[in-house]
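*Asks:* Required output: the full structure, derived from the provided sequences and hints.
Number of protein chains: 2
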Amino acid sequence: MRPRLVLFGDSITELSFADGGWGAALADHFARKADVVLRGFSGYNTRWALRVLARAMEGAAAGAGGSDPAAVTVFFGANDASLPDRKQVHQHVPLEEYRSNLRAICAYFKEQWPSTKIILITPPPIYEPARIRDMYGEDDPSKLPERTNEAAGAYAQACLTVAKELNLPAIDIWTKMQQFPDWQTSALCDGLHFTLFGNKILFDCVLETLESIGFSQGSLQPDLPLFHDIDPKNPLKAFEI
Amino acid sequence: MRPRLVLFGDSITELSFADGGWGAALADHFARKADVVLRGFSGYNTRWALRVLARAMEGAAAGAGGSDPAAVTVFFGANDASLPDRKQVHQHVPLEEYRSNLRAICAYFKEQWPSTKIILITPPPIYEPARIRDMYGEDDPSKLPERTNEAAGAYAQACLTVAKELNLPAIDIWTKMQQFPDWQTSALCDGLHFTLFGNKILFDCVLETLESIGFSQGSLQPDLPLFHDIDPKNPLKAFEI
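Top to bottom, those sequences are chains A and B. Using this note's numbering, the letters of the first sequence correspond one by one to residues 151 to 391. Using this note's numbering, the letters of the second sequence correspond one by one to residues 151 to 391.
These aren't lab readings, by the way, just hints derived from the structure by calculation. Please note: incorrect hints may appear among the correct ones.
Note: identical chains are not told apart, hence a pair may lie in one copy or across any two.
As the list claims (entries may be wrong) - Below, computed lysine-lysine pairings styled on DSS-like, alpha-carbon distance capped at 25 Å:
| # | residue 1 | residue 2 |
| --- | --- | --- |
| 1 | K387 | K237 |
| 2 | K314 | K260 |
| 3 | K383 | K293 |
| 4 | K387 | K183 |
*Replies:* Listed below in C-alpha cells is the structure:
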C-alpha cells in the first residue's frame, strides 16, 4: 500500500493545496508513490490542535490493519506567537505552553503511529508592516502589528528546542526564509502567509527533510508500472504481477 | 470521518495536482470537509486500468470499518482512443472493449463500495496540429496525429452511453471544452493535456456534478470548528465536543 504523508498545521497548511501550494506540490511530486493527506486548520494554535488531535487524525492513517503514515509534518506556532496584548490575543499561547503542547502532540503521534517520522516546522518569519495593513487596512499606520518577527523567532527557537530534545528532524523556516532577498514580500504575501516563492522554499525544505529520513522519489517504488516502463510490443507483460 | 473523493484516471488525473490542477483545486475547495485521493496513471487505458484496479485502490478507501468514498471519478478514454494504425497503437483499445471495460470498472466499484457515487468523465477533445508537434516536433508537418478529435468524440459518446445505461452522472468534457473560444489552445496545452483554463473548466464541471449528487461546500459540515466560528472571548467553548 502507498505510504502516506500527513500535513498537520494551521492556515499555512490548510492553504497548501491552493495554486502553487507546498502541499499540492508534494502530492504532485509523489503522485505515483505516496498519498498526501491534508489536515490544516486555519487559525489554530497548539492548544486547540492538541484538543482536537484525535478527531483531526480520523481517516488520516490507513485504517485498521494498515500501516502508520510514513511521516507527519507538525507546523504550528504562527498563531501561538500572536502577541497577548494585541488584536489576535485569543490565538496567543504562552511560549512555555507552546513547547509543552508540541511535546504532547509528538507524544500522541509516537503512541498512535510508532513508526511514523515526525517533522517539526517552525513558524515562518513575520513582516510587520504587511500585518498592520492586513489587520487594519491602509488607514492607520500608527497601529501595532498583532504578530512580530521577534516573537515568531522565539517560538521558532522553542520549536527547534523541542525537536532537539525529542531527536526529531525540524525545518527552521523562520531562519531559512529570511536568507532570501526581499523575503518580506518575495516569500510572504501578507507578512505571514506564503507567496508562490515562499511555498517553493518550504516545498524544497520538506523534500530535503523527507530525503534525510529515507523518503524520496529515488527510494520509493511506484506501486504500479510506469508508462515508460511498459513495453510497447507487449504492454500486458508489465501487468503480470 | 471526512468523506473521500477518489480521482481515478490517466495522465490528466495524475497531473491534476500540478500548479492550477483540477485535483489540487478540489482538495483546496474541500480542505476542511473532505479528503481527495489521487489515483492517476499516466498513459493507462481502460484495459490496463481494469487489470490493476484492486491494487490501484489499496488505501484509497478508509480501510476496514471505515466508510466507502463519497464519490469516485473515472476518467479514461484519451489513451484508448489512440488510433490503431499510428504511433501510440499500444495504448489503443477498441471502442467496444472500451465500453465493456468501463462497465467492468463501474461494476467493481459498485461491488466494493456500494454507497460510492461513480462519476464518469469522457475523454477530452483533441487538437491534432498540437499532437503532431508533441509527437514529432516541428520538423515534419506531413506526419499524422496519433489521436484525432473525431476518434476522441466517438469514445466520449461511448462513455456517455455507458453512463446512461448504468444511470450514472457523467461529465462530457469533450463537448463542454469545445464550447470555449480557442479551446484548442486556451484549454489544451499540447492538444491533449489541460492548461490552467482547461483545468478550471473541468474543476467547475466536477463541482457542479458533485453538487448534483448532494456533495457540496454547503451540504457538508466541517469536522472541526472553523476559525470564524470560534468565539474570541471564549475560544475553548468551540472545542467542547
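*Asks:* Taking the hints in turn, state whether each one holds.
*Replies:* A quick look at each hint next to the structure:
{"no.": "1", "hint": "K387 / K237", "result": "between (64 Å within a copy, 20 Å between copies)"}
{"no.": "2", "hint": "K314 / K260", "result": "within (16 Å within a copy, 49 Å between copies)"}
{"no.": "3", "hint": "K383 / K293", "result": "between (70 Å within a copy, 22 Å between copies)"}
{"no.": "4", "hint": "K387 / K183", "result": "within (21 Å within a copy, 41 Å between copies)"}
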